[in-house]
Structure formats: structure tokens, C-alpha cells
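Sequential numbering of the sequence shown, starting at 1, is according to this note's numbering.
Fair warning: there could be bad hints in the mix.
Quick list of the computed label-pair ranges, beta carbon to beta carbon [said to hold, decoys possible]:
hint	residue 1	residue 2	range
1	Ala78	Gly152	24 to 30 Å
2	Ala34	Arg153	18 to 24 Å
3	Met197	Val156	17 to 23 Å
If you're looking for bench data, these hints aren't it; they were derived computationally from the structure. A virtual CB, placed ideally from N, CA and C, is assigned to each residue, including glycine.
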Amino acid sequence: MATERTPETQLDTEDSGDAGLLPDMAAAVKAAGAAMVERTTERPDFRTRSDVVRAIYDNDDASLALLRPRLSSLRPDAGWVDDELESGLLPPGEWWVTDPVEGNINHAHGLPDWGVTATLVRDNVPVATAVHLPLTDETYVAAVGHGARVNGRPLVPSAKRELNAAMVGTGQAAPGESAATFDRIGTSVTVMLNRSMVLRVSVPATLQLLQVAAGRMDAFWQFSQVRSGLLAGALIVAEAGGVVSDTRGRPWDLGSPDFLATTTHLHEAAVAALSTVDRISYDDRPTPT
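Based on the sequences and whatever the hints tell you, model everything.
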């Protein structure tokens, strides 16, 4: 039986096609999120890196036990990305790309910045997504051509016209990034500290992208990519009326070497700033899996 449609999943036009999946997708991420709330701790007792990794894997397994069967029932023929840290282009067709605990490192350490995401990707284009943040009880949904909402309210990006008034952010895509990527992150932080008003460096990417879509932040960029960390937020920003590109201003896709999400008013200035950072060659992009 289909999940009852609720105001938080209603979009600006009559739901049909991919948008019609959103109530069930939202229900799936909310169920997984509720299970993760039960697993939260105020202060972990980690001694080693292995302790942290074990906690992260256990969280993923518990969330996926609820998330995967619900999503698979919606699109039984869609593929499933098993490794949430994968990058690069997907094979043709439909795929479920999820992050069962987006910001898992935060959850494991008792921090509040985490959620659950589920995105349907068709021929390497995200077409529908749902993100739930259990600790603030916010559910974000978007589908191509249908806008983006949080708890039923339309998302609207910032109206700022000046980069020196902007709150911007970046972060690493995954542990163990290359030294070259860390250098680019550091350089970009210095560049944006000089050109923006306030800068945040944090994980996960999705939560910063939600803030861009909601107008609480003005730009986010990343010098590498993990599919599960960018796809949901990219679709939500675009459907809210923001701009998604690479850091050179070219159209972004899963084969791009880097990522930028901002507003129509600030895109040109953000590209001009980030274009001063050493260029990542398209020949250095991850090999499709």
C-alpha cells in the first residue's frame, strides 16, 4: 500500500511520475532516521580508529535494513549503490543512491549534524530525492521539474548580491583524500576567507547544501565528490532555484572533478574566486565503476 501523502511531500504541481515516489521515499528515510535516533549516544567511548569504523558500519547496517527493502519495492529493477563512498559515473539506467547515515561520523560522536538520504538516479541524473533530519524533524524533498520543499514549505535560496556578504562553506568528501585535494581545500578556504563574509568547513556536504537551498547559506563547494554526498543536495538546490556547476562554471555531472552550488546572483563571483585554485584536470576524474 502506498504511503499516505502528507503536506511535507507536496510539490508545486500535481504529483506524477518521479514526484509521485516522494511520499514513499520520505517515509523510508524517516523510518531509518527514527531507528538511528535510538542508536545515538551523548559521548562515545572510542579508543582506536577501528572502534570508530565499526560504529559507522553498524549504523549503516541498521539503517539499510529499513531503507533498502522500502526503496527496492518502489523500483525493483533499479540498481543499488552498495558503497556510499563511490564516485564517478554510473552505468545507464536507474539506480538508488543513498546515504543511510549522512554525517555518520557526527552521529557516531554524538554530534547533531546527520540525516538519511535517498535519491533515484536515471542515466546519471538525479530525478527524485528525500532527505530527513530526525533531530530537527525536517524532511526535504525534490523532483525534477517539481520544485523543492521542506516540511511542505517551498525552499528559496538567498537573495544576496555581494560575495563579501555571503556565508559560504566547504568540506572534505571522505577520509583519506589525496594530498593534492587537501591542498586545494586549504587554498580555497584562504581565497574565500578573503572574499566572503563568513566561512564554514564541516561535514557532511548534504547538510550544507540544504542550507544553500533554504537561503541560510550562500555557497558550497567541494574539490572531489562522493555520489551519495552530493546528488540529493544538488537536486534540492537546483529545484529550489539555485545554480549547480563545477568550480569553473561548467555544467556539473557525476563525472565532474569538483562541485559548486550557489545562487544565481553569486555564481559568477564564486566561480571567479574558485577559478584561482589549481585546476583539476578532467583526466584526473575518477574512473567510472
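Check each numbered hint against the structure and report the violated ones by number, ascending. Of the numbered hints, all hold.
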